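Participant: Here is how the chains run, residue by residue.
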Amino acid sequence: LAKTTQPISMDSYEGQEVNITCSHNNIATNDYITWYQQFPSQGPRFIIQGYKTKVTNEVASLFIPADRKSSTLSLPRVSLSDTAVYYCLVGENNDMRFGAGTRLTVKP
Amino acid sequence: EAGVAQSPRYKIIEKRQSVAFWCNPISGHATLYWYQQILGQGPKLLIQFQNNGVVDDSQLPKDRFSAERLKGVDSTLKIQPAKLEDSAVYLCASSFSRDLFNYGYTFGSGTRLTVV
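So the protein lines, in turn, are chains F and S. Each residue of the first sequence is one higher than the one before, starting from 1 at the first, in my numbering. Each residue of the second sequence is one higher than the one before, starting from 1 at the first, in my numbering.
Bound conformation, chain F alone:
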């Protein structure tokens, strides 16, 4: 299983763009990258997923370089409600495991 490394915590201010990078040096050919968001007292919620290059949805963008050894979750113009823990998962189907995640705090 690919091991992932993320910053433990990040701070930002409302309206800023936030980029959270995840390192996964031993990603396998069939692995894909998924990001989840977790608010206190709730289960994780799917944000975005990709295999290579760039993926964008209504919530975030995911940038994956050609070597796929890292990925960056980009949250445009964050608000206070984006304060949460963000998890980067790397794997194939049911082999994905959660790491400790990045605790993002958005300040007014």
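Think of the hints as simulated: they come from the structure by calculation, not from any bench. Note that the structure is a prediction, hence the values are computed from the model and not measured. Treat the hints loosely; a few may be bogus.
[Said to hold, decoys possible] Cross-link-like lysine-lysine pairs, in silico, DSSO-like; alpha carbons within 30 Å at most:
1) Lys54/F with Lys107/F
2) Lys83/S with Lys69/F
3) Lys44/S with Lys3/F
4) Lys54/F with Lys44/S
[To be verified] Not the full set, but computed from the structure, chain S residues with beta-carbon under 8 Å of chain F:
5) Ala20
6) Gln41
7) Gly42
8) Pro43
9) Leu45
10) Pro61
11) Ala88
12) Leu91
13) Tyr105
14) Phe107
15) Ser109
16) Gly110
[To be verified] Okay, the calculated bits of chain F under chain S, using three or more residues with CB under 8 Å as the criterion:
17) 38-50
18) 96-107
All residues carry an ideal CB built from backbone N, CA and C; glycine is no exception.
Once you have looked at the hints, place chain S on chain F.
Facilitator: What follows is chain S alone, placed relative to chain F:
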């Protein structure tokens, strides 16, 4: 669509007692997962079911934890006897299939267990 339902929401028990958690997945979801999340850590997979069969229980402490999904729908996770270190949130998740790239997980809100 209705989400993943879990009950109870909170439970406090004394060590060495037993406890059971219940999960009802989204209708039609064949794959069901139980996770344990200790405060400050990411969720840890305990067991995965595909319909009513166990796919992966390699991280389930089988001396005290058990889980079943008899009819391939709802599931129960049991701890007997509980230890202080079992204090955690127990999350249930479901997916249409094991192809998480195309279908993803949907999580319930969890059961917060406190063992005193």
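Participant: Look at each hint and say if it fits the structure.
Facilitator: Verification of the hints:
1. Lys54/F with Lys107/F: The hint holds at about 28 Å.
2. Lys83/S with Lys69/F: violated, 39 Å
3. Lys44/S with Lys3/F: holds, 14 Å
4. Lys54/F with Lys44/S: Holds, because 28 Å separates the two Cα atoms, which is no more than 30 Å.
5. Ala20: violated, 19 Å
6. Gln41: holds, 6 Å
7. Gly42: With Cβ-Cβ at 3 Å, under 8 Å, it holds.
8. Pro43: Since the shortest Cβ distance to chain F is 5 Å, the answer is holds.
9. Leu45: Because about 7 Å separates leucine 45/S from the closest Cβ in chain F, which is inside the 8 Å limit, the hint holds.
10. Pro61: At 17 Å from the nearest chain F Cβ, proline 61/S fails the 8 Å test, so the hint is violated.
11. Ala88: With a minimum Cβ separation of about 13 Å from chain F (threshold 8 Å), the hint on alanine 88/S is violated.
12. Leu91: Nearest chain F Cβ about 5 Å off; hint holds.
13. Tyr105: holds, 7 Å
14. Phe107: Since chain F brings a Cβ to about 3 Å from phenylalanine 107/S, closer than 8 Å, the hint holds.
15. Ser109: holds, 6 Å
16. Gly110: For glycine 110/S, the interface hint holds, since the closest Cβ of chain F sits about 6 Å away, which is under 8 Å.
17. 38-50: It holds: at least three residues are needed, and the region 38-50 of chain F offers 7 whose Cβ sits within less than 8 Å of chain S.
18. 96-107: holds (count 6)
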